[in-house]
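A.B. asks: Residues per chain are reported as follows:
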Amino acid sequence: MTDDDHVFKALADPTRRHLLDRLFERDGRTLTELESELEMTRFGVMKHLRVLEDAHLVVTRRSGREKLHFLNPVPIRLIHDRWIDKYTEHRVAALADLKTELEETA
Amino acid sequence: MTTMTAQATQVYQLFIRATPEAIWEAITTPEFTIRYYHGARIENTPERHLGLGPNGEVWGDSPTLEWDPPRRLVHGWQSLYNPEFADEPSSRVTWEIEPQEGGYCLLTVTHDQLESSPKTAESVSGTGWMMVLSGLKTLLETGDVLDPDRA
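Protein chains in written order, with numbering that gives the first Met the number 0: chain A, 0 to 105; chain B, 0 to 150.
Hints in this document: simulated from the structure, not taken from any laboratory.
Among the hints, a few may not be true.
Claimed, not checked - 25 Å max Cα-Cα, derived DMTMM-like pairs, lysine to aspartate or glutamate: (1) K46/A <-> D84/A; (2) K66/A <-> D111/B; (3) K8/A <-> E100/B; (4) K85/A <-> D2/A; (5) K118/B <-> D20/A; (6) K8/A <-> E24/A; (7) K66/A <-> D96/A; (8) K118/B <-> D84/A; (9) K46/A <-> D67/B; (10) K66/A <-> E65/B; (11) K98/A <-> D84/A; (12) K85/A <-> E100/B; (13) K66/A <-> E140/B; (14) K66/A <-> E114/B.
Same shape as in the complex, but just chain A (with noise of 0.2 Å):
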């Protein structure tokens, strides 16, 4: 598999993506506080940071006795750069175009 291929596995899935939106808002936190807000076993959250660090989307760190997960973004930049970008650019600039175009008259 791809770098991308890892990343789109990992995001295809509404658990992984709830715990990178818990990461957004807070990052650094232990798997106990990460399983605390899940309907899930230990082991089930823990499979799936697997499936995240994997793609590189969680970065693990030691603190002490603790390992905290934090949030990578780069990975989903490079995705949105890749693929992201090249579709929407052509209509996000129409969009843009007619913006002006509609204020300017007004």
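Starting from the known structure of chain A, arrange chain B on it as the hints suggest.
C.D. replies: Chain B only, in chain A's frame:
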């Protein structure tokens, strides 16, 4: 979208197809940083991290805390590029370069100790570090300066 306070510890990680030496040179030499680092001329030495703007204005001037080429660089950070938060306390930036299989390196940038510097934290988060790092990746993987073999 949820509003949020920028994190006091920020971790950015990416693969770059380049040698550790090439990455090290690109992050420590002003001739390279000017091409991807918001136009800043940044010079890292064993003693100091110095960043200059296009007109020679000082954007960053902090001590080097660890210097282990081509694997690990730790330096202080003060946001002198913006008078609004130039007086926030110093934070810390760690660059770690780990060689991988297939000619890749894993680069991890950790910006931490931002607890008392919320404006700086906000300023470097989001697209701040991301633009620097994706620019660095593009320069190293497609630029003909650092890798003459592929030019």
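A.B. asks: Decide, hint by hint, whether the structure agrees.
C.D. replies: Okay, the hints, checked on the actual structure:
1. K46/A <-> D84/A: 32 Å, violated
2. K66/A <-> D111/B: 16 Å, holds
3. K8/A <-> E100/B: Holds, at roughly 22 Å.
4. K85/A <-> D2/A: 19 Å, holds
5. K118/B <-> D20/A: 22 Å, holds
6. K8/A <-> E24/A: 22 Å, holds
7. K66/A <-> D96/A: Roughly 49 Å between the alpha carbons, so the hint for K66/A and D96/A is violated.
8. K118/B <-> D84/A: Violated: K118/B and D84/A sit about 29 Å apart, past 25 Å.
9. K46/A <-> D67/B: 35 Å, violated
10. K66/A <-> E65/B: Status holds; Cα separation ~23 Å.
11. K98/A <-> D84/A: 20 Å, holds
12. K85/A <-> E100/B: Not OK: K85/A and E100/B at ~30 Å, beyond 25 Å, violated.
13. K66/A <-> E140/B: Violated, because 33 Å separates the two Cα atoms, which is more than 25 Å.
14. K66/A <-> E114/B: OK: K66/A and E114/B at ~20 Å, within 25 Å.
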